[in-house]
Amino acid sequence: MTHAKEASTTPRGTAISIRDVGMEFSRRGQSVTALDGVSLDIAAGTFCSVLGPSGCGKSTLLSLISGLARPTRGEVRVGGRPLAGPYHDVGIVFQSDVLLPWMTILDNILLPARVKKQDMGAARARGLRLLENVGLIDFRDHYPSELSGGMRQRASICRALLTEPSVLLMDEPFGALDALTREKMQLDLNRIWAEDAKTVMFITHDIEEAVALADQVIVMGPRPGKVIRRYEIDFAQPRTLGIRREPRFQDIVDDIRNVFHSAGVL
Amino acid sequence: MKAATLGTVLPPLAALLVLVALWQASTDVFAIPDYILPSPLAIAEAVVANWPLLLKQSWATFVESMLGFGLGIVVGIPLAVLIACSPAAEKTFYPLLVASQSVPKVALAPIFVVWFGFGLLPKVLIAFSIAFFPVVVNTVVGLQRTPPDMIRLMRALGSSPLETFWRVRIPMASPFIFAGIKISSAFAVVGAIVGEFIAAEQGLGYLQLVANNNLQIPLLFACLLMLSVLGAVIYYLVVLVERLILPAPLRALQNGEPGQ
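As given, the protein sequences belong to chains A and B, one line each in that order.
Just so you know, we're using UniProt numbering here: the first sequence kicks off at 1 and counts up by one.
Just so you know, we're using UniProt numbering here: the second sequence kicks off at 1 and counts up by one.
Check the hints yourself; a few may be wrong.
[What the hints assert, rightly or not] Sample of chain B residues lacking proximity to chain A, with all beta carbon distances greater than 10 Å (derived):
(1) Thr8
(2) Val9
(3) Ala99
(4) Pro161
(5) Glu201
[Stated by the list, open to error] Derived DEER-like restraints, expressed as beta-carbon distance ranges:
(6) A:Arg114 / B:Val233: 35 to 45 Å
(7) A:Gly121 / B:Gly70: 35 to 45 Å
(8) B:Leu162 / A:Ser166: 27 to 37 Å
(9) A:Leu128 / B:Thr92: 30 to 40 Å
(10) B:Ala14 / A:Gly121: 52 to 62 Å
[What the hints assert, rightly or not] Examples of chain B residues lying across from chain A (beta carbon under 8 Å, computed):
(11) Pro147
(12) Asp149
(13) Met150
(14) Arg152
(15) Met154
(16) Leu157
(17) Ser159
(18) Val168
(19) Pro171
(20) Pro247
(21) Pro249
(22) Ala252
Since the hints were made in silico from the structure, they are not lab data.
Computed from a predicted model, the values in this text were never measured in an experiment.
Note that the Cβ used here is the ideal one computed from N, Cα and C, for glycine as well.
Work out the full structure: start from the sequences and follow the hints.
Structure follows, in structure tokens:
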């Protein structure tokens, strides 16, 4: 493989560092291993996709990085500090937009500032800028139910970016959208990210989506979840729709498919 | 009145008028005596003739219903919050609460009279015992229906469980809470009337019994009419409060329109 080399394990300026992390749950009295011996380093400013089948623990991984859950083994560091719980420097986008239905789009986006008791004037200015950037400025006084699924997810991305976190975690954010909206959202996300390079961890089970967006693709295998392959995707950022037609793009996608096949997923 | 409202009000109103006209005609044509089925006109006459009495007794029933109903809300919502927030409380109280519903509350009425006498209290308690269950069940369901990701989002933002409760879970549950309150509002009137049937010195249920004993059947029907008006008044009071409290998107959520 010339185009998809193994990721270096010790990049400079590491934003997220995961060391030999294991996670076990007990479900109906039985112990379930969700993650087993996962180690990852994500350099600051990298767009990292985590790709895997359902049940491979990728959402668990995201919970650990967000500080919402603690690993049963190993250590998670963000910005060099070991995590002890939820922290401020992170924005999260879930598969469902989880906008509050009784608040206008603008109020929804300002929610993080309100909960964190930040200066609302400054937050409002930032929120309006974000809405302008994603083309939702005319919908700021609308309720979520008046917007399409794609627009709502766009708003939830704005909400995650409001407090200008250095880490953005996305858990299958486009999983519930139709194919066309999905591609548009991928382009928009890539553009927003390229403007202001945050460290992004993007969870998906869509191979092409992972490759089209990310600098680094982490492939996870199922039960117990562990990293089975890493790819560096060296197409220039920001990406265009055109890269999907390039033979190199297809080669990487095919290679990942083969990896899944030999792991017994496909 | 807007054309749309007129369109929704007019057809049922017309149907009602036709029905009343048929009723009037059949009592006339078949010469049905008043003590079996009074004609609408006879009932109207009874309403006019007994208006001050009907108003006074309606007020008594209204007060009993509202006190029982209010007590149902004041006790029901905190209990539901406890059940929804504490798995231990859910395990302990919820099965008991559901099982207690197999006891017909109406059958409690004679016991309440024995314990609390002929006054206001037994009626309020019977109304309460019927009204409080729908509030509890609907509030519990509403509080448990908060999408888990919404709670995770709030936690990630550093919100405490209490703050998440006020900011997210209560508003998300409010359409369900109001649905329960609406059901209770109708149940409370039933409870009050049953209490009056057993033993009372006032109220529409009491007046019905008196009218029944005196074979004043038109007055009996007049009481029925007042009871329906009473039920409707209480129901629409709740709707009014809901309109004042709940923002439009949450009301739409209750009506089953897609919100999330």
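Now for the hints, and whether the structure bears them out:
1. Thr8: Nearest chain A Cβ is 23 Å from B:Thr8, so the label holds.
2. Val9: holds (27 Å)
3. Ala99: holds (26 Å)
4. Pro161: holds (12 Å)
5. Glu201: With a cut-off of 10 Å, B:Glu201 remains clear of chain A, as the shortest Cβ separation is near 47 Å.
6. A:Arg114 / B:Val233: 35 to 45 Å: Holds - the Cβ-Cβ distance for A:Arg114 and B:Val233, about 39 Å, lies within 35 to 45 Å.
7. A:Gly121 / B:Gly70: 35 to 45 Å: Once the Cβ atoms are compared, 42 Å apart, the range 35 to 45 Å for B:Gly70 and A:Gly121 holds.
8. B:Leu162 / A:Ser166: 27 to 37 Å: At roughly 29 Å between Cβ atoms, A:Ser166 and B:Leu162 fall inside 27 to 37 Å, so the hint holds.
9. A:Leu128 / B:Thr92: 30 to 40 Å: violated (50 Å)
10. B:Ala14 / A:Gly121: 52 to 62 Å: holds (57 Å)
11. Pro147: holds (6 Å)
12. Asp149: holds (4 Å)
13. Met150: holds (5 Å)
14. Arg152: Since chain A brings a Cβ to about 6 Å from B:Arg152, closer than 8 Å, the hint holds.
15. Met154: OK, holds: B:Met154 within 8 Å of chain A, min 7 Å.
16. Leu157: holds (4 Å)
17. Ser159: B:Ser159 check passes; min Cβ-Cβ to chain A is 5 Å, inside 8 Å.
18. Val168: With a minimum Cβ separation of about 7 Å from chain A (threshold 8 Å), the hint on B:Val168 holds.
19. Pro171: holds (6 Å)
20. Pro247: At 4 Å from the nearest chain A Cβ, B:Pro247 passes the 8 Å test, so the hint holds.
21. Pro249: This interface hint holds because 4 Å falls under the 8 Å limit.
22. Ala252: Holds, because the Cβ-Cβ distance from B:Ala252 to chain A comes to roughly 6 Å (cut-off 8 Å).
Violation of the numbered hints given earlier is confined to hint 9; every other hint is satisfied by the structure.
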